[in-house]
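Engineer: Please build the complete structure, drawing on both the sequences and the hints.
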Amino acid sequence: MKKKIAPVIITIVVSLLIILWACTGLRETAGLDGFSSAGLLFLLAGIGGVGVLVAVLFIRLKEIDHEDEDDLKKY
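Every position in the sequence shown, counted from 1, becomes a number in the numbering used here once 136 is added.
Calculated from the structure, these hints are not laboratory results.
One or more hints might be untrue.
With a straight-line Cα cutoff of 30 Å, these simulated DSBU-like cross-link-like pairs (lysine-lysine) come out [what the hints assert, rightly or not]:
no., residue 1, residue 2
1, K198, K140
2, K139, K198
3, K138, K198
Structural biologist: The structure is reproduced here in structure tokens:
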């Protein structure tokens, strides 16, 4: 169970940083006439980045569940 905590915490922290980046990019590109296409690009890139992080997290958690003993202990 302890091996699963670190990937989850890292995913949460990096996701928050990506969301902050995307929101800042969206806000900075917003002019008086509304959002620009560059701002929407920041938003879509952020959503995609968080989606990839969550997918990698699930893969890593499955690897931890099916992991054998550490290879170094065999030698």
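Engineer: Which hints from the list above does the structure break, by number from lowest to highest?
Structural biologist: Result: no hint breaks.
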